[in-house]
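Student: Both chains are given apart, each in its own frame, so use the hints to dock them into the complex.
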Amino acid sequence: MKPLHLIPDDVNVPFLKFRKLFYIVSLVMVLASAALFFTKGLNFGIDFRGGILVEIKTDGPADISGLRDNLGSLGLGDVSIQEFGAPDDVLIQLQRQDGDEKAQMAALATVTDALGENVTIRRSELVGPKVGSELKEAGFYSVVISLLLIMVYIWFRFEWQFAVASVVALLHDVVITVGFFVITGVQFDLATLAAVLTVAGYSINDTVVVFDRIREYLRKFRKMEIPDLLDLSINSTLSRTTMTSFTTLLALIALFTFGGEAIRGFTLALIFGIVIGTYSSICVASPLLIVLRLKRKIPEAEEGQEVKA
Amino acid sequence: MLYFTKWKAALVLLVCALGVIYAAPNFLPSGAFPTEASYLPGKQINLGLDLRGGSHMLLEVDTDSVLRERYEALADTIRTDLRKEQIRNRPREATANGADITILSPEDFEKAREIARSAEPNTDLSGEGNTIHVTYNAVARKELIDRAIAQSLEVVRRRVDELGTTEPSIQRQGENRIVVQVPGLDDPSRLRAILGRTAKMNFHLVNNEKTAADARATGLPPGTMILPAADASDKAAGIKEFLIDRRVVVSGDNLVDSQPTFSDGRPVVSFRFDAAGGARFGDITSKNAGRGLAIVLDGEVISAPRINEPILGGNGIITGQFSVQEANDLSLLLRAGALPAPMQILEERSVGPGLGQDSVEAGEIAAVLGLVFVVAFMVISYGRFGLYADIALMMNLILVVAVMSVLQATLTLPGIAGIVLTVGMAVDANVLIFERIREEQRNGRTVINSIDAGYRSAMSTILDANITTLIAALVLFSFGSGPIKGFAVTLAIGIITSMFSAIWLTRLMIAGWVKRRRPTELVL
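Which chain is which? The protein sequence lines are A and B, in order.
The numbering of the first sequence is UniProt numbering, which starts it at 1 and goes up by one.
The numbering of the second sequence is UniProt numbering, which starts it at 1 and goes up by one.
This is chain B alone, in the form it adopts within the complex (with noise of 0.2 Å):
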């Protein structure tokens, strides 16, 4: 057992030099080692949010609501068709669940299933008395879901982007939820801002019959809607909602550009349609010169004015009672697009950069003096052995340092508590050999034997040991979040090569002082 071929303990060393170079780039200034090839020494540990700083959101996407336009939309094809048979019928308020037609004249059942199934591919009809139920397939319903998500991932990443922050990371998780990270973020309230927004600008035309408050008390015209005014809108001259077509006459999509201005000395927001919407934009300031013109964002009026002549370059400015941050929010925001459907925040965790800064300094204490205490009671404890397997426990922690580095594991503040508990633990091997060394000596076994026996005896016990702490860890990994799973990380990682250290680097070393010494006493 104490014997080592040559390879063998050449490979030892090797582990131990690799461990020495990967980890090398993280005691050093960053930028140090040039970084092309991915598994080339370079690398940095990555740093968790809560050690850097910054913000991390988990955003929920609407789905239900993508359901329910589309729903809405295919209720409309498929009334149309039935109008065209001259089917009479009658829809009800499309749900998330599909859409509803109810046949008013029972001898049309037939054929209007037959127009519903026809009406779209992907759908399912059902249906009890003169109603029926269409619905998607689960692959269209898939699809749909799939596509708003990317739709929205993608403008989320042009609103985080327009942040001007390095790094930002977007993923799906899930079915229908969003993760944000931005590291180096000061103020998470302005991330909250632009990603709580759906900003789904529209214009439409204000009524010039009724007012809206009219129309509460005599009934809507036709066509019509009433919708609040916005915050930042005509709310301070003392109107609180307006009453709107329901017709969009140019939508938001048509947008090529908008950026905050002043007009007056005061912020607005400027705008430019792409041709066919500057064609449109034009046509209606034409021929609707007196009317309002409601500018809808999110279901609210954030400005009405009057149009007073037509406007054909396709450009035009949104004013407001708008801040300076609000001037700039709104034009990111359309300049970004809007979302497919509504987002919620289901989760923010943010830290400042002092916090971060503060707990790495904290954990770097705690684990050198960790350190300080166990390599101490080590070579007290164990003397000549304790210190092999203290230059072991360091080997580990570079170990565990150069394998976060290559796999590019994220280093949270519970992260640093496994590795000081690594710290506790990896000597634990070492502990079981070299007491069981102790044992056979004192069974009156040769200094040679027993250290010979007191690693063969020890080894399936350290298996046993830490492979139900790998089991723990492995749990925690997969179903932890975030600081969680570094913790678990660092912990596994930790568990792994102090195996390799604590077994066959003091081994290594043992066997150098037996072959040097050759001693006929060992005190332990």
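So here's chain A without its partners, still in its complex pose (with noise of 0.2 Å):
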């Protein structure tokens, strides 16, 4: 049996011929994401937030109308009340409350006791508004932080083009995930901003190696045209590249299917941004290369040597 091949042999797709509509594809879809983060703005979870999540179970489907009615009428603010995963499984969250963090305490207390006896608390959650806004600054931090380091290694590792192209696309990838939580209103915590780091460090990975290549081929094909080259380069790790995302989808939907309802929101930024990552390396990062000039660095003496040749 001869093995799958998913990308045909002799590929040879003309990206670069169509970089002008990756460009506009993807200022529209970075501009749209920086618009709607601004204006409608993520939704926040109460790790960010501050305020209160509750878990419960009940006996039979869960009356979700009474609930939000027993709920809504104990005077604290917005009560979110949504089926979580199963029809007795509900997740009921409360804003920050006003005052202090005696006060959230006082609410938890308020709504524990408002569920009675009859339902099972499966998971509670209180963040105050201090813890709230120091994770924020903190999840603030770690993006930037690690997008810092990335760019020092890429840098490190490569000519500075490469270093700032990889650096644009991954800031694409990254705004273009917030976005996609803007639009889907999925909430944004702690584990949705870490999907968001480990998508940066998956797509500069898949970057990384298209950029590898071309800088081999940038040895070896002394000749050829840059756009040509890169074309080359990005066709022959295409196979390369489509095989990793493939499998790391794979388990990824494994997981979204059957991992629960807890990490769901995690998984899905995961899927969502690796997809967008390896869009973004391959029709984003080396065209750029092109934009911010790459030539080819060759020493005098070795070019003499050619010659000689």
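Calculated from the structure, these hints are not laboratory results.
Treat the hints with care, since some could be wrong.
Derived coverage of chain B by chain A (criterion: at least 3 residues anywhere in the stretch with Cβ under 8 Å from a Cβ of chain A; other residues may be distant) [what the hints assert, rightly or not]: (1) 145–154; (2) 178–192; (3) 374–384; (4) 408–416.
Simulated crosslink set (DSS-like; lysine-lysine; CA at most 25 Å straight-line) [said to hold, decoys possible]: (5) A/136 x A/40; (6) A/2 x B/515; (7) A/130 x B/142.
Every residue gets a Cβ at the ideal spot worked out from N, C-alpha and C, and that includes glycine.
Tutor: Here it is, written out as structure tokens:
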């Protein structure tokens, strides 16, 4: 049996020919994401907003509207009640209460009292205003610092054009993934932030593989025009890029389907991020090298040798 | 490249064998291995609270109140010294930022400064006009705070131990925070109730000249204060406030034991003083028959019984409108002692045992299915070599489990996700190598040459690609909290072990195959 080749061996897609189109598509996605981020905003979970979350299991299907009436009348502000993965599983979320940490505690006690004895509390989380803003800050710094470190590493290993192009592609992926969260309204919490950072790591990983090949071909094919060389590099690594994305997606789809409700948002972010990361390393990062005027750096002596040969 | 020296091959196999041995306890009933020495196999992976169920609480000790109290005491000391020298002065309310004393006679100002300076070591003086501002220097302040936190840790530990759960973890975090983790706790509200209270108990005499209401109308007699009645006290009888003497007659520090018990069929709390406290209690109750004795807990009067007769044995009971649970909690708090400063619960995350178990099961199913998908796909894509990559992938999972068991790293729900993600990404190194081999074959190289070149040229790419992901994982580890740390740990370990298994192990297998078969043709 001949092994399956996802991508035919003689693949030769002229990616660079479509680069203007890719720029436009990417620019639209990035701008739209940014605009949505600043207008609609992320649906922050209690990790960052502060607030209360209670997951309960009821005997038999839950009476959501009854719960809504019951908890809504407690005077605790907005109460969000939704089914959570199963008809007898309910997620209750309360906005941050006015006042200090004690007020949050009191609200949690009020809710658990109001729920009574007939439900099982599967999970309860309370994040006070102080911790909420700290987590937000730490989350922001972790994104910035990992981007910086990755950029430094790429800078160290490649020429500056590669570093800039990979970081632009990386930011592109992060911004669009965030935009995805704004559009879908999927809650953004600590776990999804971790997913975004993982997407960053994955995206750069994909880009690096293509860049490695470009660097190699720059040395190997000295006469080839840069755009052709980029196309050749992308096409040579295309099989690997799709294979790895595909196996990762296979694992993630299993996680998304069977991993339980609690990490669904997290997995969704990863799935989306990997798709967008694959797109960007092929269609954004490499073409950007032309914009950045990537040139061959050939030492004089070597060139002399070539002439002699 | 394809030639393995004997010792190199042995080393690769040894690492795999160690991985299997150290991972094994996780698949056997606990206790199947003896676990005396920490480096021997036998330890299982540490499950995070989100998987085993339990409560995580982040507490903050109000260090400002510690400082405020100390500055109040410092101001008192200085004022006593000033009084001895007959320097007229007026205190200002002490804050956490220092003690302020206003000197009313300007001619004594320099002398007053000297007195203030020598009152206590490690203080700094400043101030403007006729006011002296005294603060502790940084070293003394840090020492004060450290001591308060150490005491708080001790009290919290005693309180949590009373709950009788196994392996609670209580640790300081940062300057003034404490993290409490109690696995397997069914009811977090109980933990909340016992951690949220300072439990400072003092006995004061009730003022017998006026009632609290009179005092509000006509002014407080000197040396008295008004305190509210606690929920579980005489509120039912219509008394909302008490006028009591400021002076503490016996302090809760003198308590040595406290137990919940019953009196006239109602839950009450009994207590016992140490010798000094017992003597003082006997003395006070002898001299003040007929007066009320207020039992003040955290600034609220929980009970104010009339002293009918001297209580000499050093034992007593607190009656109030307690439920059985409240009596239990109060006696627990009194036994464990008071916190040196109030604490606030900043964050709480509790997971019931049922949800934890469900998460583990869901995670297992997802991991197994993800593995099956990837394994099947690798074989379909790369045939024999795919099979080798799959064996390496399994080994990689075993190594992740082994490393986590040895390091006693904590596995969380996002951590399981990290492992599943590793399954998808671990084969990347092999994909890189195999694709490279395909290319080399297309370029007309022989089988052995292609394999050799494939491994060699994929190497730097594998390193670059993995290091960037590792950077993201390390940053996540240092910034993340709890569950997210768990994700970063499994991701980082998975990346490192995958480099070993995907590069060395597959190469060993392929080298073995090449040696046995001497293939002239490779279908890849």
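Student: Are the Cα atoms of residue 130 of chain A and residue 142 of chain B separated by 25 Å or less?
Tutor: It holds: about 22 Å lies between the C-alpha atoms, which stays within 25 Å.
Student: Apply the coverage criterion to the region 374–384 of chain B and chain A: a residue qualifies when its Cβ sits closer than 8 Å to a Cβ of the chain, and three qualifying residues are needed.
Tutor: holds (count 7)
Student: Are residue 136 of chain A and residue 40 of chain A close enough, with their CA atoms no more than 25 Å apart?
Tutor: At roughly 18 Å apart (the allowed maximum being 25 Å), residue 40 of chain A and residue 136 of chain A satisfy the hint.
Student: Taking 8 Å as the C-beta cutoff, is the stated coverage of the region 178–192 of chain B by chain A satisfied by three or more residues?
Tutor: Coverage by chain A holds for the region 178–192 of chain B (3 residues, Cβ < 8 Å).
Student: Can you tell me if the region 145–154 of chain B counts as covered by chain A, using C-beta to C-beta distances under 8 Å and a minimum of three residues?
Tutor: Check failed, 0 qualifying residues.
Student: Are there at least three residues in the region 408–416 of chain B whose beta carbon sits under 8 Å from a beta carbon of chain A?
Tutor: holds (count 3)
Student: Take the C-alpha atoms of residue 2 of chain A and residue 515 of chain B, compute the straight-line distance between them, and say whether it is at most 25 Å.
Tutor: Holds, at about 23 Å.
Comparing the model with each numbered hint stated earlier shows that hint 1 is the single one that does not hold.
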